[in-house]
Amino acid sequence: GESVGLHLPTLSVQEGDNSIINCAYSNSASDYFIWYKQESGKGPQFIIDIRSNMDKRQGQRVTVLLNKTVKHLSLQIAATQPGDSAVYFCAELSRGNAGNMLTFGGGTRLMVKP
Amino acid sequence: DAGITQSPRYKITETGRQVTLMCHQTWSHSYMFWYRQDLGHGLRLIYYSAAADITDKGEVPDGYVVSRSKTENFPLTLESATRSQTSVYFCASRDRSYGYTFGSGTRLTVV
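Residue numbers (the numbering used here), protein chains in the order written: chain A, 20 to 133; chain B, 22 to 132.
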């Protein structure tokens, strides 16, 4: 499959442990954020989103935290499983002259050790 | 099948040739996007379209041309391929929320 990137930051965790993936965003005016998961050979897949009027949102085994003061977003994965191994991207929605556009971060590779 | 499909999955072409990457979605989403994904750069927007016959440049449009004669199709053409356009290309569409759905990608190699 496609190689997403050989020089991505990498987080290696033991199966069953919790994972925390961090992201710094750039635009203080961004009001919507999404986390995507990209497995090898596939396109990015939506995981969870959060609006700027919230600081926490929970899904199934995943939690996103938003700290607008320091422009920081994190994705927490509980009880990490081998199937969670992938590259994770955060994206921020910016509203400009071109309309609402997502800008993607560089990604973090999560490796789960059995 | 419903969804967003890209073709071809893999393509090797020579420098200077024209090549077109296809993208088809079955939802009638208004917005469609083309991204390229390279080592160290993440996903960068090439072109997007807000509706049929409406297209606009993204972050890295040089060397690419798009069209949107039908809502469901959004082809991306490299008019004269260069080695710097070797990349993985992703098409995406967006519904009325802000969620993007991506295709599986096209790996293009320009030799």
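It is possible that part of the hints are untrue.
[Claimed, not checked] With the C-beta cut set under 8 Å, the calculated list includes, among others, these residues of chain A facing chain B:
1. Tyr44
2. Ala97
3. Pro101
4. Phe108
5. Gly126
No wet-lab data here; the hints were simulated from the structure. Using N, Cα and C, we set each Cβ at its ideal position, and we do this for glycine too.
Here is how each hint holds up against the structure:
1. Tyr44: Given a least distance of 13 Å, the restraint on tyrosine 44 (chain A) is violated.
2. Ala97: violated, 23 Å
3. Pro101: Violated, about 21 Å.
4. Phe108: Holds - the Cβ of phenylalanine 108 (chain A) comes within 8 Å of chain B, reaching about 7 Å at its closest.
5. Gly126: holds, 6 Å
Hint compliance for this structure: hints 1, 2, 3 are broken, all remaining hints hold.
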